[in-house]
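Chains as they are written, first to last, in the numbering used here: chain A, 1 to 656; chain B, 1 to 337; chain C, 1 to 149; chain D, 1 to 276.
FYI, nobody ran anything at the bench for these hints, they're computed from the structure.
Mixed in with the good hints, there may be bad ones.
Simulated crosslink set (DSSO-like; lysine-lysine; CA at most 27 Å straight-line) [to be verified]:
id	chain 1	residue 1	chain 2	residue 2
1	D	48	B	336
2	C	115	D	153
3	A	507	D	149
4	B	29	D	149
5	D	268	A	507
6	D	153	C	58
7	A	23	C	8
8	A	602	D	267
9	A	647	B	336
10	C	31	A	23
11	A	54	A	23
12	C	58	B	74
Spelled out, the chains give:
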Amino acid sequence: MAKIGVFICHCGENIGAKVDCTKLAATLGEHPGVAIAVDYKYFCSDPGQESVKKAIRDNNLTGVVVAACSPRMHEATFRKACAEAGLNPYMCEIANIREQCSWVHNDPVQATEKAADITRSMVEKVKRNNNLQPIEVPVTRRALVIGGGIAGIQAALDIANAGQEVVLVEREPTLGGHMAQLSETFPTLDCSQCIMTPRMVEAAQHPKIRLLTYAEVVGVDGYIGNFHVKVKMKARYVDTESCTGCGDCITKCPNKKILSEFDCGLGKRPAIYTPFAQSVPNKPIIDKANCTYFKNGKCKVCVKVCQLNSINFEMQDEFIDLEIGAIVVATGFQVQDNSVYGEYGYGKYKDVINGLQFERLASASGPTSGKILRPSDGKEPETVVFIQCAGSRDPSKGVRYCSKICCMYTAKHAMLYAHKVHGGKSNIFYMDIRAAGKGYDEFTRRAIEEDEASYLRGRVSKVWEENGKLMVRGVDTLLGIPVVIAADMVVLATAMVPQPDAKDFAKTIGIGYDEYGFFNEAHLKLRPVESSTAGIFLAGACQSPKDIPDSVAQASASASKILALFSKEKLEREPVVATNNEATCAGCWGCVLACPYNAIEKKDIVDRSGKVIKRVASVNPGLCQGCGTCVTFCRSNSLDLAGFTEKQIFAEVMGL
Amino acid sequence: MTRILLSDKLDNCVARWRKAGLTVIGPVKKETSSSYATVEKAADFDFGIVLPDRSIKGLFFPQTEPMMGYTIKKQDIATNDFAPPTEKRIIFGARSCDASGLAIDDPLFGWDYKDDFWFQRRNETVIVTIACTKADDFCMCTSLKLAPDSTKGSDVLLRPLQNNKGWLVEELTDRGREAFKEIADLLLDGSEQAAPLAVVPEKFNLDACVAWLKNPENFDSTFWKEISMRCIGCGSCTFLCPTCHCFDFQDEGDTYSGIRRKNWDSCSFSLFTMHTSGHNPRSTQSARWRQRIMHKFNYFPGKFSVNSCSGCGRCTRQCPVDMGITETLQAISTLKP
Amino acid sequence: MSEPFEPKIVAFVCTYCTYAGADLAGTSRLKYAPNVRIVRLPCTGRISPMFILKALQKGADGVLVSGCHPGDCHFTHGNYHARRRWTVFRALLEFTGIPLERVKFSWISAAEGGKFADFMNSVTEDIRKLGPFDQYQGLINETEAPATL
Amino acid sequence: MSIQEQYKKRVRELLSSGAVKMVIGYQAGTTADRRRPLFIRTPEEAEKLVLDSACIANLSGYLVTEGLLSDEKSVGIFLRPDGIRSINILAAEAQLNPEQVVILGFDGNDKEVTALQGEKARDFSAIIASIKEHAPEAPRNPQLEQIEKMSPKERFAFWQAEFSRCIKCYACRQACPMCYCRRCIVDSNQPQWVNTSSHTLGNLEWNVVRAFHLSGRCVGCGNCDRACPVNIPLRLINAKMAGEVLGAFDHFAGMSETQEPVLASFKKDDSETFIL
């Protein structure tokens with residue numbers, strides 16, 4: 001026999017002013033199965049909770065209904081109180097008589113009636129509640145970090161330094177990502193490689209980190225704590241075990257005219273190469289598309305010069321399977337293809353470059369050894385025009401969002417230019433200066449005040465060539481006049497966009513993404529580093545445009561989430577999951593199709609001899625998120641959802 | 001010399017009985033389905049129906065009957081019994097097979113427990129049977145040793161005159177005589193010949209069937225599986241049968257009050273014998289069909305000395321797969337006992 | 001003059017959007033008609049057509065079903081599945097003669113407290129105009145009466 | 001040779017070659033216009049086979065009889081196009097393996113029948129596709145149109161009159177090839193979603209739930225309608241719902257062995273004119 005306790009909270013005047021709580025208690029006291037119904041000023045207070053606990057113990061209550069504020073406020077509070085009094089926490093339900101009653105109705109009589117209905121209905125529900133236990137899922141304490149840029153490296157190092165295993169997967173031949181391409185970084189102007197390469201080496205040498213470069217994640221199955229990951233190891237044609245990275249093959253390779261991806265096409269590299277001098281691992285790969293041997297079947301110069309026989313043209317892609325407990329997705333970004341801006345002449349005029357190319361020019365390890373020289377003729381530009389928002393905040397041709405870093409790096413470019421080309425004149429077309437961040441506004445001020453960058457508020461309408469100069473026509477909206485500047489170089493502050501395959505990749509690993517292809521966080525404010533899939537976390541620019549400090553912060557946040565997850569051998573989850581009655585299941589698999597989480601599997605029921613008698617649906621509680629879509633589909637009513645069972649809801653409706 | 005009720009007086013009779021407080025019921029066809037239903041005037045009757053789709057059983061043992069109401073209170077549960085209805089009725093134009101069916105079930109409902117709902121209705125209902133002058137391919141009363149003019153279960157038997165002119169009246173019971181007193185002045189004396197009865201050929205040898213069924217060895221005969229292979233396990237034969245009487249109890253209601261109901265149930269349903277454990281002693285449709293035949297022609301007569309079948313033929317007539325008692329017993333007739 | 005008819009309305013809502021929207025209406029102290037009783041479910045995907053039938057059996061004069069806007073489902077797809085079921089079930093109700101004015105569907109997000117309050121008011125007013133659902137009540141009454149013929 | 005004799009020959013061949021272990025067809029019934037399901041297991045038994053315009057019942061439901069196909073042997077079955085569509089749905093819903101079903105297809109009107117070429121369900125996809133294509137212009141049931149024209153109140157009254165006759169014998173369910181559940185929702189009593197009593201409310205609930213469960217799955221074979229001992233026009237509801245899912249989701253039940261169930265799938269741009 002049910003013995004339900006009903007606790008009616010006045011919430012001070014919040015409920016008490018509209019709902020006659022004393023009368024409500026008297027009404028509910030007469031309800032079948034209610035052992036005690038009391039009202040009190042603030043049940044969420046310490047003495048309030050104590051009185052609930054005492055009532056549970058004194059009356060041996062089998063269930064509790066707290067008629068108070070929304071369950072979204074204090075359900076957890078009262079469940080905890082119930083647990084402390086020895087009652088299963090899931091035997092507690094909240095009747096929402098504040099947000100959905102006293103606050104929204106004027107008439108005290110009607111409000112009291114409605115409150116009674118709401119509370120009765122919850123009493124009927126709680127009578128059918130079951131003692132639930134949190135679901136325990138074993139945790140594989142090994143993290144997978146996808147992407148070896150600064151965010152991925154940071155996350156990997158944080159997790160590894162806490163003593164947990166990490167597999168770090170990078171699809172390029174080296175760690176480093178975009179940060180390795182940068183010259184100096186704002187707002188401190190410290191050399192990017194100087195701060196980046198030690199971290200790359202640390203990651204590669206860390207005993208807890210297994211580094212897989214030139215590798216791609218091609219499949220993720222399973223669920224939080226228990227992912228099964230398939231990784232494709234792309235063929236490098238160089239055996240990294242025996243290769244010492246001496247570089248003989250690179251120097252001797254006859255095909256040296258290939259545009260370097262790392263230098264954004266401003267430099268050249270051979271067909272066997274490392275992307276840059278400090279690559280980690282510092283072992284070359286063969287660019288199959290451009291290798292003379294692969295194209296013509298002749299050459300093999302690299303084979304001849306390699307004294308360790310590390311070159312292997314027969315090498316094939318390999319697949320490895322990993323057991324993983326949690327995943328950090330740090331797959332980064334790309335810069336937008338500026339050829340959509342035909343009026344800026346990108347791709348048409350060699351001296352119209354994008355911000356990342358400017359980074360390579362300014363980098364000491366870049367194609368010009370850090371000298372700012374025009375790609376067309378190698379001369380120092382006397383006037384440079386920087387165009388901000390070349391893609392960002394442009395719904396017509398570019399993207400609607402702000403890429404966040406462009407204001408800062410454009411200021412930085414102007415400064416670097418001023419430092420490297422004395423007397424050089426920089427003009428910056430901008431829409432707004434967005435310099436929110438520690439030391440950021442001071443930085444842009446410095447560009448203007450110390451390095452004499454000329455900021456023009458307005459957009460550029462056209463760039464054309466005239467007498468060896470790039471003519472930039474724009475408007476200075478502050479002065480309200482059209483401007484034409486004869487420049488030697490034009491730098492576009494290109495938009496940051498998701499990786500071109502981001503949406504497909506999101507589907508592969510089972511996370512959500514937005515209209516652009518940036519991965520969705522579980523909650524923009526409160527769960528910004530989790531993806532919507534439990535156990536998969538986000539770091540860096542794959543989630544939204546970010547600068548280095550933000551990427552690193554998010555990476556460390558993801559790492560700390562994972563370390564919290566790994567702090568236990570088993571993982572506890574809310575037991576609101578579906579269950580199936582195998583005796584009545586007809587095996588039609590509608591639920592399997594309907595489940596948004598692939599949480600329903602087909603299970604064979606076998607007899608003693610091992611013969612399959614029938615196949616039924618089986619819910620994996622680790623994957624099930626408790627939406628109940630399968631329950632509604634199930635024609636035979638075999639599926640049910642703990643916490644919102646058919647019996648509970650039936651009783652709730654019938655109790656109204 | 002016998003008494004005669006002329007058709008054109010029927011309207012007056014109906015009015016008399018209704019005035020006397022009787023609900024008048026008879027064969028009625030509404031759109032696509034026929035049944036015994038309340039009539040207000042003679043024109044409502046349809047005596048052309050060979051046999052209404054639904055049997056007379058539901059008038060005495062309704063498909064759902066509220067037995068008891070309950071109200072759940074704080075400490076206890078209050079109940080209130082539903083009394084058997086006291087409505088007085090006259091069924092004018094029952095068929096012999098249907099009336100016989102009631103008589104067959106009387107001992108069942110009065111055996112270890114007297115079912116007030118059944119007997120109250122039986123006592124308050126006058127059954128005026130009209131002997132059949134037409135039969136269809138499914139009728140089989142003669143095979144059950146009954147006839148188109150059997151008087152079993154009837155209070156009055158009417159034999160149709162030629163040309164639908166009226167009926168010869170044969171009062172059988174006090175209840176019948178009482179009801180016909182109301183219309184005594186509307187009857188004539190005469191010596192007309194009744195129309196010829198329907199010819200219902202005998203379709204199987206009942207005694208041979210019963211003997212075969214009684215042989216315990218035949219319980220496990222493969223015959224059962226063969227004969228019932230196409231049975232789809234719907235309950236229509238049992239629900240239309242004038243003698244099938246199985247029921248189930250069901251509580252219906254919300255949190256605060258409800259009603260306990262007696263509902264028809266059927267041995268054709270797989271859940272009928274399902275145990276809580278999940279074990280089902282009659283797990284196959286052939287076992288269920290065997291049960292139905294055995295019950296009607298072996299177990300029931302063993303207890304009440306009468307076969308639980310009046311030969312109406314509804315089981316075959318309405319069977320979606322053209323099965324039924326006739327086919328089964330015909331097949332058994334040809335088997336060695 | 002007799003008392004104005006106060007309809008009884010049952011709402012089935014998902015906890016992530018419409019229930020939160022109802023909470024927001026509360027925290028915003030919006031006022032609306034007190035005729036609706038809410039049953040909270042995790043997702044519109046959990047809302048079975050059976051719930052609607054049972055609410056009607058319980059004497060509801062109207063039923064509301066509401067959840068997250070398409071694309072916003074906490075469980076990514078629950079509301080898309082729900083939408084198909086509603087389309088089918090609604091057609092079925094219509095064909096069996098249950099007036100569609102009595103069974104309403106909506107998307108109300110956690111941010112739409114105002115929409116929630118307006119919806120409660122408009123539905124209550126609409127159903128008040130329609131009057132009690134006498135036809136269904138007739139069926140309910142029949143279940144409580146002794147057996148007839 | 002008449003189609004009946006052709007098919008008798010085919011059945012004998014199938015059985016004697018061991019291609020199938022049984023053929024499900026029709027035989028003569030109690031009266032001249034009735035046909036009974038027939039289970040043919042030997043070539044000799046094929047003599048009993050009858051195939052004519054009175055062979056109407058959709059026999060596909062027999063294939064899901066427990067254990068029939070579990071030995072992985074094939075079974076032959078006489079089916080009209082609606083029955084073939086049932087096979088596709090049963091296959092899509094994992095109730096049978098279509099490779100085990102050898103179809104003896106036929107079609108026709110109330111006077112004569114013709115043979116349909118093909119053996120496996122997929123061989124008939126062109127025929128089914130053409131039925132779907134012509135579905136919108138197919139003549140509509142006049143009673144259906146009449147009901148659609150009624151006011152809600154009239155419709156309610158119409159169906160209550162029909163449902164009040166229901167005796168809850170579940171013949172409709174048992175006759176339906178799609179009602180293969182091990183336990184019907186009406187037999188689930190914790191909780192009792194559907195009132196099992198056959199008062200009009202319970203009858204309404206039962207028939208509405210069944211129609212919902214058949215939405216997008218009913219092929220309109222009419223088995224339920226014919227099985228109903230009190231002649232409730234169940235076919236009308238199912239035909240109405242089939243029209244709805246075709247209109248709303250372009251879903252025509254039983255198009256292929258892999259068709260996704262309409263209520264377990266969705267499109268993000270499904271229409272939603274009624275959602276406020």
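Hints versus structure:
The straight-line distance between the Cα atoms of residue 48/D and residue 336/B is roughly 24 Å, inside the 27 Å bound, and the hint therefore holds. The straight-line distance between the Cα atoms of residue 115/C and residue 153/D is roughly 31 Å, outside the 27 Å bound, and the hint therefore fails. For the proposed pair residue 507/A and residue 149/D, the alpha carbon gap of about 47 Å is over 27 Å, so the pair is violated. Our distance criterion of 27 Å between C-alpha atoms is met by residue 29/B and residue 149/D, whose separation comes to about 26 Å.
Taking the CA atoms of residue 268/D and residue 507/A, the gap is near 16 Å; set against the 27 Å cutoff, the hint holds. Restraint check for residue 153/D and residue 58/C: satisfied, since their Cα atoms lie roughly 20 Å apart, inside the 27 Å limit. Taking the CA atoms of residue 23/A and residue 8/C, the gap is near 22 Å; set against the 27 Å cutoff, the hint holds. Under the criterion of a C-alpha separation no larger than 27 Å, the hint pairing residue 602/A with residue 267/D is consistent with the structure, at around 24 Å.
Taking the CA atoms of residue 647/A and residue 336/B, the gap is near 54 Å; set against the 27 Å cutoff, the hint is violated. A C-alpha spacing of about 23 Å is found between residue 31/C and residue 23/A, which places the hinted pair at or below 27 Å, so the restraint holds. As the CA atoms of residue 54/A and residue 23/A are separated by approximately 22 Å, the hinted pair is consistent with the 27 Å bound. The straight-line distance between the Cα atoms of residue 58/C and residue 74/B is roughly 21 Å, inside the 27 Å bound, and the hint therefore holds.
Checked against the numbered hints above, the structure breaks hints 2, 3, 9 and satisfies the rest.
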